[in-house]
Amino acid sequence: GESVGLHLPTLSVQEGDNSIINCAYSNSASDYFIWYKQESGKGPQFIIDIRSNMDKRQGQRVTVLLNKTVKHLSLQIAATQPGDSAVYFCAENPRSGGYQKVTFGTGTKLQVIP
Amino acid sequence: KAGVTQTPRYLIKTRGQQVTLSCSPISGHRSVSWYQQTPGQGLQFLFEYFSETQRNKGNFPGRFSGRQFSNSRSEMNVSTLELGDSALYLCASSLYPEKDRATDTQYFGPGTRLTVL
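In order, the protein sequence lines correspond to chains A and B.
When you line the first sequence up against our numbering, it's residues 1 to 114, in that order.
When you line the second sequence up against our numbering, it's residues 115 to 231, in that order.
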């Protein structure tokens, strides 16, 4: 399988503070990016997406920023809550060219300190 | 609309046995992908099915196989189980529209937790 590393980066944030989770992607041809949240014992859950023709998209308490120049994606969570504690994955979707598989990042574990 | 469902949710097998996992995609979704997730290796792509055909395959041995039925439901099979096959097996479905395929989003099921003893 693809190597995604043995050590999961961890971000510890105080409850109420803002969180920023970063992701570097590899394929400059990717058209679409998604952030997923995975809580312990559950499957990844869709949070927010962004197309390559945008550099920012906002949802409820979450904002995704896309910097195509350096192939970097970030997820900002405002007023972080204990329920936000989870592992967050970014995914890049190169599907515009055909049957190309989605690629997932390593994941970042977010720990919210009450 | 119901989400992706996977059965069984938990499974315990012994080395050498085989196992079949099932996935029912979101209604109307045509593509089903399978992933293996372990603490050490993270989320690893197994294979993807679309229109009953395997379209993509990850770097897993031939013991791992799958299929998709005409109703888009999918199964994956692991034969001759090894201890290292213990993992959470995730299924994800997507619409795979003919138009705007670039924004096709995968939606995950809760996974099947397989333990090999």
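Calculated from the structure, these hints are not laboratory results.
Incorrect hints may appear among the rest.
Said to hold, decoys possible - For lysine-lysine, the following DSS-like pairs were computed, each having C-alpha atoms within a straight-line distance of at most 30 Å: (1) 109(A) x 56(A); (2) 171(B) x 127(B); (3) 171(B) x 101(A); (4) 68(A) x 56(A); (5) 42(A) x 171(B); (6) 71(A) x 127(B); (7) 127(B) x 56(A); (8) 127(B) x 68(A); (9) 127(B) x 42(A).
Unchecked claim - Residues from chain B that face chain A, not an exhaustive set, calculated with beta carbons under 7 Å: (10) 122; (11) 124; (12) 126; (13) 130; (14) 196; (15) 219; (16) 222; (17) 229.
Backbone N, C-alpha and C define an ideal beta-carbon position, used for all residues, glycine too.
The hints, checked one at a time:
no.: 1; hint: 109(A) x 56(A); result: holds, 23 Å
no.: 2; hint: 171(B) x 127(B); result: holds, 25 Å
no.: 3; hint: 171(B) x 101(A); result: holds, 9 Å
no.: 4; hint: 68(A) x 56(A); result: holds, 11 Å
no.: 5; hint: 42(A) x 171(B); result: holds, 24 Å
no.: 6; hint: 71(A) x 127(B); result: violated, 42 Å
no.: 7; hint: 127(B) x 56(A); result: violated, 46 Å
no.: 8; hint: 127(B) x 68(A); result: violated, 46 Å
no.: 9; hint: 127(B) x 42(A); result: holds, 21 Å
no.: 10; hint: 122; result: violated, 14 Å
no.: 11; hint: 124; result: violated, 10 Å
no.: 12; hint: 126; result: violated, 16 Å
no.: 13; hint: 130; result: violated, 22 Å
no.: 14; hint: 196; result: violated, 14 Å
no.: 15; hint: 219; result: holds, 6 Å
no.: 16; hint: 222; result: holds, 4 Å
no.: 17; hint: 229; result: violated, 14 Å
In this structure, the earlier hints numbered 6, 7, 8, 10, 11, 12, 13, 14 and 17 are contradicted, and the remaining ones agree with it.
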